[in-house]
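Participant: The residues making up each chain are set out below.
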Amino acid sequence: MNYIMAFLFSGFVCFLAQMIYDNSKLTPGHITSLFVVCGSFLDLFHVYDQLVKIFHAGALIPITSFGHSLMHGAMAATKEYGIFGIAMGMFDLTAAGISAAILFSFLVAIIFKPKS
Amino acid sequence: MDRKEYDQLAEELKPNGHRVKNGLNAFLYGGVMGAIAQGVLEFFMSIYHCNEKEATPMMIITLVLVACLLTGLGIYDNIAKHAGAGTFIPITGFANSMSSSALDCKSEGLILGIGSNMFKLGGTVITYGIVSSALLGVIRYVFTLFW
Numbered sequence: 007m008n009y010i011m012a013f014l015f016s017g018f019v020c021f022l023a024q025m026i027y028d029n030s031k032l033t034p035g036h037i038t039s040l041f042v043v044c045g046s047f048l049d050l051f052h053v054y055d056q057l058v059k060i061f062h063a064g065a066l067i068p069i070t071s072f073g074h075s076l077m078h079g080a081m082a083a084t085k086e087y088g089i090f091g092i093a094m095g096m097f098d099l100t101a102a103g104i105s106a107a108i109l110f111s112f113l114v115a116i117i118f119k120p121k122s
Numbered sequence: 068m069d070r071k072e073y074d075q076l077a078e079e080l081k082p083n084g085h086r087v088k089n090g091l092n093a094f095l096y097g098g099v100m101g102a103i104a105q106g107v108l109e110f111f112m113s114i115y116h117c118n119e120k121e122a123t124p125m126m127i128i129t130l131v132l133v134a135c136l137l138t139g140l141g142i143y144d145n146i147a148k149h150a151g152a153g154t155f156i157p158i159t160g161f162a163n164s165m166s167s168s169a170l171d172c173k174s175e176g177l178i179l180g181i182g183s184n185m186f187k188l189g190g191t192v193i194t195y196g197i198v199s200s201a202l203l204g205v206i207r208y209v210f211t212l213f214w
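So the sequences go chain by chain: A and B. Mapped onto the numbering used here, the consecutive letters of the first sequence carry residue numbers 7 to 122. Mapped onto the numbering used here, the consecutive letters of the second sequence carry residue numbers 68 to 214.
Since the hints were made in silico from the structure, they are not lab data. On a predicted model such as this, the values are computed, not experimentally measured, just so you know. It cannot be assumed that every hint is accurate.
Said to hold, decoys possible - Computed cross-link-like contacts, DSS-like style, restricted to lysine-lysine with a CA-CA straight-line distance of at most 25 Å:
| id | chain 1 | residue 1 | chain 2 | residue 2 |
| --- | --- | --- | --- | --- |
| 1 | B | Lys120 | A | Lys59 |
| 2 | A | Lys31 | B | Lys187 |
| 3 | A | Lys119 | B | Lys173 |
| 4 | A | Lys31 | B | Lys88 |
| 5 | A | Lys31 | B | Lys173 |
| 6 | A | Lys119 | B | Lys120 |
When you get a sec, could you build the whole thing from the sequences and use the hints?
Facilitator: Next comes the structure, spelled out in structure tokens:
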């Protein structure tokens, strides 16, 4: 059941992005930025937490969850450090993804030869 | 014929059929990506006996690693040709944008090539993510002070 839910939501977000991509002049860079902003906006009213509860990985894998986790980490740290927590806790949850992406991209760039 | 008329004509003559196909493809590939992510998530949850929140970073690291490797091997671009948004919306697209721009600029050297070009495409996501969540975070923080 979880698999079907994850499939449906992740697919739906990608479908939405594809519709925007095909029907406008926006590049993938514009669309991913837009979706990240949407993700952090949805976290403003805890909507995204509900989505994660229902759709599990389906809501965690699209780039919208990046905005959500940035916002979530920032909000969790404000409880402890006040307004400074926004900057201090911003990367708490996304650190893994970004560090991994930087490290593996570097290694891949070192090891492989460009194809095109 | 001026610019406006030309744009209108071009809009009318655009083939419409492939939009539906692209949308379906994006839905399928994106959905499969979500299902794979769910599988990886449940795998880590069972071997480390942790909850979903703790297993999420492990799942993301694994998928990022796979996406970087596939980009290095040149397979990711072939998938992207069919899947469209199905490849750049999941977190793997972020990994792909970073590793592909690092790989493309390899010839310019370690510092000026790989180091400075890695965030060329993926950087927008981080920039706008931080700016928007900082702004919205301040709004929510002020809200919680009074309620």
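Participant: Please go over all the hints and tell whether each is borne out by the structure.
Facilitator: Here is what the structure says about each hint:
1. B/Lys120 to A/Lys59: Cα-Cα ~11 Å, so holds.
2. A/Lys31 to B/Lys187: holds (20 Å)
3. A/Lys119 to B/Lys173: Measuring from Cα to Cα gives roughly 8 Å; hence the hint holds.
4. A/Lys31 to B/Lys88: Given pair A/Lys31, B/Lys88 holds - Cα atoms ~19 Å apart, limit 25 Å.
5. A/Lys31 to B/Lys173: Not satisfied, since the Cα-Cα distance of roughly 30 Å exceeds 25 Å.
6. A/Lys119 to B/Lys120: Outside the cut-off at roughly 36 Å; violated.
Hint compliance for this structure: hints 5 and 6 are broken, all remaining hints hold.
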